[in-house]
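Asks: In order, the protein sequence lines correspond to chains A and B. Read in order, the letters of the first sequence are residues 1 to 110 in my numbering. Read in order, the letters of the second sequence are residues 1 to 909 in my numbering.
If you are wondering where the hints come from, they were derived from the structure by calculation, not from laboratory data. Bear in mind that the values here come from a model prediction, so they are computed numbers and not experimental data. Some hints here could point you the wrong way.
[To be verified] Far from chain B by the CB rule (all over 10 Å, computed), these chain A residues:
1. T12
2. L15
3. L16
4. A76
5. Q90
6. E93
[To be verified] Quick list of in silico lysine to any residue cross-link-like pairs, SDA-like style, CA-CA up to 25 Å:
7. A/K77 / B/V31
8. B/K58 / A/T82
9. B/K65 / B/R398
10. B/K836 / B/S881
11. B/K505 / B/S100
12. A/K33 / B/G61
13. A/K77 / B/E64
Glycine is no exception: its CB is placed at the ideal position from the N, C-alpha and C atoms.
Below are the chains, spelled out letter by letter.
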Amino acid sequence: MSKDKKDLLQGTLDLLVMRILKAGSRHGYDIVKRIELLSEDTIRVGEGSLYPSLHRLEKRGYVQAHWAQSETGRRAKFYNLTPEGKSMVQEKESYWLEFTSAVNLVLKNA
Amino acid sequence: MNARLFIRRCSYLAASLFGINRRQADLDEEVQFHIEMRAHDLRNSGMSKDEASREALKLFGGIEKFKEHSRDAWGTRMVTDSIRDVRHSIRSLYKSKGFSLTVLLTLGLGLGGNATVASILSAVLGPPPYSEPNRVVEIFNNYPGAGIGRSSSNIPLYLDYRANVVALDFVALTNRIAVNITTDASAVRGHGLLATADYFRVFGIQPILGQFFEETHCIQGNDKVIVLTESFWRTHYASDPSIVGRAIVVDSVPLTVLGVAPKLAEWHHGDLDFFRAWAWSAQREQFEKTVYYGRDNNYANLWARLKSSSSIREAKAQIDYLESLFLDKSTQQTKDWRALHQHESIVETLQQSKIAQFGDSLHLLQGGLFLVLLIGCVNVGNLQLSRGLKRLPEIKTRVVLGASRWVLVRWLLIDSIVLSLGGFFCGLLLAWSGIHWVNKLVLDDMLPTVGWIGIDQGAIRLVLVLSILVALCIGAFALSILLGGNLDLGVGQNTTKISQSKMMKRLRSGLVSFQLAMTTILLLVAALLLQSFYRALNEDTGLNTEKVVVASVTLPRQIYRESEKIANLRVRLTESLHQTPGVESVAFASYLPSLSAHAIGPARVPAFEELNGEDFSNVNYNTVSRDYFEVLGIRVLEGNTFRLADLRGEGRGVVVDKEFANRYFPNNDALGKQICANSSRLLPLKKRSTIIGVVETVKHNGLDSVGSDSKTKNGSMPLVYLPLSPQSRDRELNVLVRGDLTRNDLVSEVRGHIQSLNSQLAIFRNSSLEQLLKASVNDRRAFMLLIAILGGMALLLSLVGIYGVLSFEIRQRKHEIGIRLAVGGSTKQMLGDILKQSLLQAGIGLALGVLAAWFLGGRLADLLFKVSPNDPAVYFITLSSLLLVLLSASLVPALRVTRIQPIEALKID
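Just chain B, same shape as in the assembly:
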């Protein structure tokens, strides 16, 4: 077909569609003209005027039928009829407002929820927004033998891979740092990345202002440059384009601003303020390259961009080859070490590593939402069915008047399409606000590495497809009932006959059972997760967090280079805090329990090794001051805490927790035994320390950390406390103050004391310990809240479902019940009958749900803390309360039976 013809056809169709009245009038006039002409000719052949007119009309034939044929020829008939059906269906939906509102809300919630989670899923688990994201990879070191997975990387590996892995285009090494940035107004704590020059090329990012640093900047002396992130530039410099070339003081060192990186650069890192060129000293490089553990000392992230012609597999093979070359050349010590820890290199795209981190929880949410949508669909189908039965007389009238089955099919289909389209728009609206809400409230806590989420194209498509499916399901459902055969009934006959057919009854109760099965699964999963979360939160932390205030600072290296200076600051701070009224005790620690990830490393225990051979699992370390245990109320079980000699750096005492003592000294004789902290069997046993005390195990690796049976998850790790000596160069200063919180504002007083010592220090984590701990599980809390809401939605929807079905059934059976009552049946008997039936439906649903949940349970085990996936108590409580709720939901409509008057009931037919 040529283009002109096509356009002509389209414009004809459009004219028929939009100018239907005009075309109608044209046709009338054309017919009129034809008949007049014929009459004119007939008159000329000798007929009288009246006779000619009559004859002309007769010759033309049935005008209306003719017009119908012409309209068929216009090709718009289907469209105009459909439009009429749409109008009709909107009108009738508007009339039954209760029904429409319920359906729209049900579908909207189901669809909107699914779209929201799909958007989150694709933002979190989808490919990152970089150019050619499948070429951006991270390279990890794994040590399954030591229970350490996804450990990062280091300078020697960076240098080796950059020079020798052919499959990689660019390689970059980064290290996250926290600093004090002095802006015009005050000191703020800033987070940045130390990055090597190719970092931006790895991610394919261009500056929005100025330029990025180059290889020449990554040399000591040339590295006094900084690239700001877009967020930092916008908040702190009001998007001032003249920032390039100006100096910013970071940890008391002025750095020149080279440029501004786009928001994309922050995507993977969450909260990020700047990038700095990473210049390390030649000595450091030399040391790390030669020391035997250099390639396994992991402190920095290694990123790379694959060559477009290469695959991850190739890169991994080349890396493995380099590692084998390295091992061939290394000493026996290194070979042993690697073998013991089962070292392996991992190359993963960013997407793969995200899926490993968040996949389970998010897929669980998505599954739950899909179930909710299914439950909602069943409800809508059931409601539509009831509505369809009410409209049966109308349908029958249309059949009698000559409507074909196709017309009916179209009518019903359009009705359900209108419904699901409404649901679609409601769903989009809800998804839009849902994502808005997610962005605003939970993103920072829950998914810090995502940055932001937009409504996803894929999610919209998903909703569209789902609503079409919903429409078809509802339509097919109503159709199967209405075209099920009984349409030949006379117009006046009662509709109850159809609804009582066996097929329909089975269908309805089957649907209710299905719905209940879905609800049971959801509720069981939700109950298990909530129970697990509750247990994790309410487990004794071993800490007395009341009356404890925290403040943290990172001391800039440039000012606090010597350990004396750091120690001096601690002493002065302690003194000034002690003079504050209400303060009881003050302590310092490298890490805060459950708030910061503790140092992790090996430990050697000679007494244990003599009996059991070596143990290669790692332990956690924290360096604390004398009063740490007192401030946090950690009970001392045996021995003492640090003496002054230890704290002066003269003694060799360490304190261990009960977990440590239990693992290495099962006979309760830990006290006085020797250990080598931070030492593996490959080092000579020189720096021995003596255990001077055993303290209660505290939850130090997160409140929701998984219990003590698993070796690989950090929650369980034994903890060794090392004394904070004046020689310590730890610049992460966590101040803990126990005092009377009610007397005055201790939080801001602690802040004031630190600032009076050095006003350039940016203070963070400045709050009561209790609040900080509570906030630390906000992400889990948000997740649990969502799961609970899902469970609630499912329960509500299935309640509506069972209530609707039952009350419909009772209305249908009114006649029969009336007769039974009239011939002497008791109300009690009827009630029992109806309840028995609904309990049977419920029972089948519950049994199916339990069965499915039982099978699904295994997949849940990883997400549960101290709760078995088949926990009988959780099952019992959930199921019995579900049953109780269902029973009361069926009792309400069932009680209507008692109000049936036999005489009235018999009048129905």
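This is chain A alone, in the form it adopts within the complex:
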């Protein structure tokens, strides 16, 4: 049971990360802050799960990384979506919307 839960969360985090990166390349800390901002501080992403998620996506070829100057002038690792990542985020997003609206329907009408 706990395994399912973790998978679900992991999948969700991957979706959120990729969706954020769709707008352009960002470094890890930026992604965390962006998610917090957009979710109005509801979702707090642990650093302990963000970086493994990024590395996993990189390993799977959906995300690419490069080093560049950050806004503070310090070198940072920036991530952006690969073409495969872009089509993947499309797919995942529509799946998520379908899924949540179905869940909402059940919750509303039950």
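Given the coordinates of chain A, work out where chain B should sit on it, guided by the hints.
Replies: For chain B alone, kept in the frame of chain A given last:
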């Protein structure tokens, strides 16, 4: 997954693997950046610098754990850990050099030996290297009724099958000939094949130079052409490409070189120098086609290439149909003859006929080697076990520190993989040198029809599979012990407790017994074979080979066409040899005992037929001069040898050997009786000869020929000696000279005398008879040597095994023995105890081995000469000496017990 994605993933993995340090540094920097940014933001929201830094770190959580997670995400963790394990295991193997060396040698020998024999097997028994080898067949005639198998073929059958067997694409007839080739330097004896035009098409061979002969060359008058083999061209003409079109003198006739055949063409024939177009005369063809025995007079090999759409079965059915058509049209005489001899046609691929010839011996070798490998594996497993127990504290430490079982499994597995990989490379190295050795030393004698052997792909695969199996066996073995439950013991506790567990003890003694059983089988088989070989070699040959020198020549037909010329050469040679000091007597013979295959044919014995009806088994013939018996020291038992009248061709005397006399005249009254040599009951009894003498049976069909009880094997055949008369046209001249070998170099003197009569004759088999006979069994000798080495290896390995197990056990039981000694037990008692135990193990192994060998014995019977597969003497000697050796091997470690000091032993725990 699309290709780009795949490449991206691969390059990421590769970068993680090879740039692990870089990735590590990147991660550190990334984390550092993250924390700094967080601290920066916190400071902006009003925290002090120190507070912000602390809070940022706290928010990030456990950095090391985080890094671990990230590394997991890189997907390289297993690989890097495994590499670490490999390094660790190589280091620890390097530290225990004795152990590693023993294991590598054991596995290397076992694996290498198996690969060598597998290579030989596939070279000998595998499909020949021709294109589509399963379509190349040989067609034989079998006559089980006469005890003749795999007899060859002839011109009438060739013509008939070529025209009428639809299943065959090409048909060719060949005949092996020996000639004198005059090269620029000297006369050499050459071996060639007379072949019909389609020969090269049957085997699918293309010339490497020039061209092959065609149908037009196989007509008398057009046949003065020759195709050289690659070997002959390279050795005698230094690969000169201008050889095509030049003339070569063969038996004094100049022949034009048409082309050069590749090495592949020699593959099936061993030593071969050339091919000649075979053109026979129209008269000969007509005669053979009409004479009643034409289709059963077998002197040439018939080859064919099957149509790609046809099978051997179809070809055989069509041939059988042609034979039945032939029989329908033939006379009663022929029908009777065929029925009597139970004629059948055989169609076989080259591979099938090789398997029939060499299969048994080679499979025996392979089986023996496999046993040796098994024995070796048991040893390695046992050694690994001892080593594993020594490492138990280390393993326990790792378990306590949190290593999972999987980590341990991986560690042990990698350890055994490293070991067996080492064994694999050692094995390949040994196989490579083994095959080199086989090619160099034994191939010519042992497997003349193979030509050459390369290391076989299949053999390498076999070794690879075997070493993986070995690795798994060793690994599983060590695992089963180590994961057998007792890992929860405290770190400090003594390891002896585990090794004393009942399961382990049983496993160890079971393995030793198994090992001994294998060794027993191998040693028994080796002993039986060696005993058989020894008996065959030391059996009285009936010949006095001391002081006899031999020289052979083949007289070219073109020069020695008339019998007078041949007789004249013999007379002149005899005269000049007699004038040589030291020469006692000179003789000539068509065949040399045990060196050349004698003529074989039927014989009619009227006196025998009156009483017993006809006997259809064949006898051997040799045509010899008067002094033949004297030169070879063959004892005359009754009557006389040839008189001058016989030798002049006027008399009708023959000499028979004792085997013949015993078979046809059991009442010892052979002398004066009549026989018809080379005659069957289908011929009128006209050329009667009288038996004028009976001589001792000699071994004339090979020193290692199988004994006199079997009818079908040539070793037993009765022998009839015919007088060598001046009318004889036999051009195979074997000169035998008895003389004082020490006085001067008789061998080269005989050669000189022949050459002074005709310098164009190539002399072969020019040596003392004793040496020639010794060399004639070299192939068997090599085989026996291999078998003996196998037996020795097995014995050595199992000695190491039993020694290792016993000394390990005694070391483990030191504590217990110490206590028993302290409370009054005697050393003698302990010693007896230990020996009893090891003898029990040995006994079980030996009993199992004997049982298995007993069952296997039947398969061996064919390879044994005058030794029963269950020969009690061989069993007794082998087993008792094995037991003795084992006892002494266990005595050495057992005696250590006596040196145990109770006080010291008690200190161990």
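Asks: Among all the numbered hints in the text so far, which are the ones the structure does not match?
Replies: 4, 8
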